[in-house]
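Read off the chains here:
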Amino acid sequence: MSFGAHLRFLLSGLLLALALAVAAPAGAQQINPTANSVREQQFLDALKQNPSAELRGRISIPDTRAATLERPAGRDWRTFHQGTMVRIGAVAVLGMLVVLTAFYLFRGRIRIEAGPSGQTITRFNGFERFMHWLTAGCFIILALSGLNVTFGKALLLPLIGPQAFTNLSVAAKWSHNFLAWPFMLGVALMFLVWIKDNIPNLGDLRWFLAGGGLIGKGHAPPARRFNGGQKVVFWAVVLGGAALSVSGIYMLYPSFSGGVLDMQFWNVVHGIVSVLMIAVMLAHIYIGSIGMEGAFDAMGSGEVDLNWAKEHHALWVAEEIEKGRAPGATLQPAE
Amino acid sequence: MARMKFLCDADRCIECNACVTACKNENDVPWGINRRRVVTINDGKPGERSVSMACMHCTDAPCAAVCPVDCFYTTADAVVLHNKDLCIGCGYCFYACPFGAPQYPKLSNFGSRGKMDKCTYCAGGPEADLSPAEFQKYGSNRLAEGKLPLCAEMCSTKALLAGDGEIIAQIYKERVVKRGYGSGAWGWQTAYRETIAI
Ligand code: HEM
Ligand code: SF4
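From first to last, the protein sequence lines stand for chains A and B. Counting from 1, one number per residue, gives the positions in the first sequence under our numbering. Counting from 336, one number per residue, gives the positions in the second sequence under our numbering.
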């Protein structure tokens with residue numbers, strides 16, 4: 001190449017560079033690299049259609065959970081847990097206590113009308129009482145340790161201080177995790193042993209229509225081994241216990257559920273079912289203890305007074321007498 | 336006092352993961368836990384962006400609201416921290432957090448998550464500043480030394496910004512105006528209920 005050619009080449013190169021430099025800003029404005037990049041607002045708009053949407057991407061670390069960039073659904077769970085759950089819980093527990101207190105003041109203790117007979121009849125055998133108390137004992141601790149999660153920081157924390165409250169909550173959490181299993185066993189046993197006596201029938205309907213003998217004076221229609229109210233308790237325990245077990249296991253083993261959204265869902269189920277069940281159980285405990293004379297013996301010694309049995313389970317007493325399992329050969333149906 | 340925030344300029348992030356590594360190293364983060372991560376959205380498609388994400392130190396933090404033992408606290412710099420001595424590892428803050436920040440070391444037994452761990456904004460924990468106990472539980476306390484979180488300080492493209500919210504928003508705004516585009520401050524609307532108007 002001659003010197004002139006060199007110069008021309010250089011010059012044309014320079015001109016080209018200049019031309020590019022002049023054109024560059026215009027070019028940059030035309031090619032907007034973010035024209036179709038997602039912005040947070042687009043994602044938040046999409047959430048209006050599907051509030052539980054997550055924004056996931058790709059990550060280069062092994063923990064796939066970290067691939068979720070944003071998951072605002074936690075907001076709704078927070079609102080539930082800090083608001084709705086606390087309200088439902090307070091209404092269920094306090095509401096039931098108010099109802100029971102009012103009932104006690106209004107109706108008083110339900111007596112054995114004919115007075116104790118002195119004779120007893122076996123109502124629950126040792127095994128039945130064992131499974132009842134196994135379930136009941138676990139239930140009470142599960143309920144208290146669970147309610148500590150919901151209400152503890154509002155009620156207990158200010159009283160006992162942070163470190164004591166943490167120690168208590170750790171103990172509560174361990175009890176909750178471990179007693180869940182004997183509780184499940186107890187519910188399963190009660191289901192198997194008592195289901196045959198707990199199939200709903202027309203008699204139960206009549207029993208409810210008559211107010212179960214609790215409201216007003218008159219007698220409830222005679223019941224077999226379990227009356228309508230007791231059947232409701234049975235099914236509340238079986239179905240509620242099953243719901244608590246399933247939802248609880250999903251929370252215990254995060255790997256079983258599809259992710260945190262599922263766990264939020266199971267927590268909501270667990271929370272609502274547990275406080276409803278606590279309300280039902282408060283009523284059950286009331287009527288089985290101070291609410292009714294003679295009732296506790298059924299689960300205490302297993303032997304109930306014959307007159308109590310006749311007043312509340314006339315048909316059952318008749319069946320037992322027929323089978324020769326009751327004292328007193330004569331059958332006097334309590335109406 | 337400053338209102339500390341994180342801001343990731345996704346148009347600058349090159350997904351080098353140096354922030355992730357720096358964080359792990361600086362804070363001796365336990366095995367299996369990543370206080371910071373880089374997520375690439377629209378991977379391989381036009382408009383692909385990478386965002387470095389950690390705890391955003393939310394305004395009215397959801398984790399703190401749902402904690403059953405109230406183990407969270409907010410520092411004067413608006414950094415959301417928690418007390419591991421009080422944490423019972425229940426997992427509720429993970430349910431509530433919109434960014435999946437809280438994590439738990441796995442313990443052998445069922446139902447026993449370890450004590451929660453998350454980004455501390457390199458601000459340690461409730462122990463005495465710069466004490467060995469603080470380092471062992473929470474990692475370093477750069478804020479006490481007058482420094483910013485290491486992830487943002489060493490970011491090679493300065494995509495990840497840490498500091499007072501108003502100052503980093505201003506830096507971001509100037510960038511967007513100068514270069515003519517910006518894909519927005521990811522997470523800000525969710526964490527702080529505000530966005531950067533440009
Ligand atoms: C049957 C097996 C059960 C299992 C596996 C189970 C498991 C769990 C788990 C994992 C939690 C999350 C809290 C934490 O980890 O600290 C929880 C919370 C709770 N549980 Fe259970 N539980 C069971 C039964 C019950 C029963 C019988 C009750 C009481 C009636 C109950 C009442 C509660 C309550 C009130 C909460 C707190 C709800 C909240 O505020 O979020 N649970 N349970
Ligand atoms: S990002 Fe998550 S852990 Fe951090 S303050 Fe917000 S809710 Fe809490």
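It is worth saying that the hints were derived from the structure and are not from the lab. There could be a bad hint or two in this list.
Claimed, not checked - To give an idea of the interface, some chain B residues facing chain A are shown, with a C-beta separation under 7 Å as derived from the structure:
{"id": "1", "residue": "N369"}
{"id": "2", "residue": "T375"}
{"id": "3", "residue": "V401"}
{"id": "4", "residue": "P461"}
{"id": "5", "residue": "G498"}
{"id": "6", "residue": "I502"}
{"id": "7", "residue": "S518"}
To be verified - Straight-line Cα separation of at most 27 Å, BS3-like style, residue types lysine-lysine; simulated pairs:
{"id": "8", "chain 1": "B", "residue 1": "K472", "chain 2": "A", "residue 2": "K153"}
{"id": "9", "chain 1": "B", "residue 1": "K493", "chain 2": "B", "residue 2": "K513"}
{"id": "10", "chain 1": "B", "residue 1": "K419", "chain 2": "A", "residue 2": "K153"}
{"id": "11", "chain 1": "B", "residue 1": "K482", "chain 2": "B", "residue 2": "K472"}
{"id": "12", "chain 1": "A", "residue 1": "K153", "chain 2": "B", "residue 2": "K513"}
{"id": "13", "chain 1": "B", "residue 1": "K380", "chain 2": "A", "residue 2": "K48"}
{"id": "14", "chain 1": "B", "residue 1": "K380", "chain 2": "A", "residue 2": "K153"}
Even glycine gets a Cβ: it sits at the ideal position worked out from N, Cα and C.
Here's how the hints hold up against the structure:
1. The beta carbon of N369 (chain B) comes within 6 Å of a beta carbon in chain A, closer than 7 Å, and the hint placing it at the interface holds.
2. Hint status for T375 (chain B) relative to chain A: holds, with the closest Cβ pair at about 5 Å, below 7 Å.
3. Hint status for V401 (chain B): holds, given a least beta-carbon distance of 5 Å to chain A, under 7 Å.
4. Taking 7 Å as the C-beta cut-off, the interface hint given for P461 (chain B) is violated, the closest approach to chain A being about 11 Å.
5. Annotation: interface hint on G498 (chain B) violated; nearest CB of chain A at approximately 20 Å, more than 7 Å.
6. Given hint, I502 (chain B) at the interface with chain A, is violated; its Cβ is 21 Å from that chain's nearest Cβ, farther than 7 Å.
7. The restraint placing S518 (chain B) at the interface with chain A holds, with a minimum CB-CB distance near 4 Å, inside the 7 Å limit.
8. Proposed proximity of K472 (chain B) and K153 (chain A) is supported: the alpha carbons are some 24 Å apart, at most 27 Å.
9. For the hint pairing K493 (chain B) with K513 (chain B), the CA-to-CA distance comes to about 16 Å; that is within 27 Å, so the pair holds.
10. Distance check on the hinted pair: K419 (chain B) and K153 (chain A) sit about 17 Å apart at the alpha-carbon level, within 27 Å; holds.
11. In summary, the hint linking K482 (chain B) to K472 (chain B) is supported, as the alpha carbons are separated by about 20 Å, within the 27 Å threshold.
12. Distance restraint check for K153 (chain A) and K513 (chain B): the Cα-Cα separation of roughly 50 Å exceeds the 27 Å cut-off, and the hinted pair is therefore not satisfied.
13. The straight-line distance between the Cα atoms of K380 (chain B) and K48 (chain A) is roughly 25 Å, inside the 27 Å bound, and the hint therefore holds.
14. Our distance criterion of 27 Å between C-alpha atoms is broken by K380 (chain B) and K153 (chain A), whose separation comes to about 48 Å.
Violation of the numbered hints given earlier is confined to hints 4, 5, 6, 12, 14; the remaining hints are satisfied by the structure.
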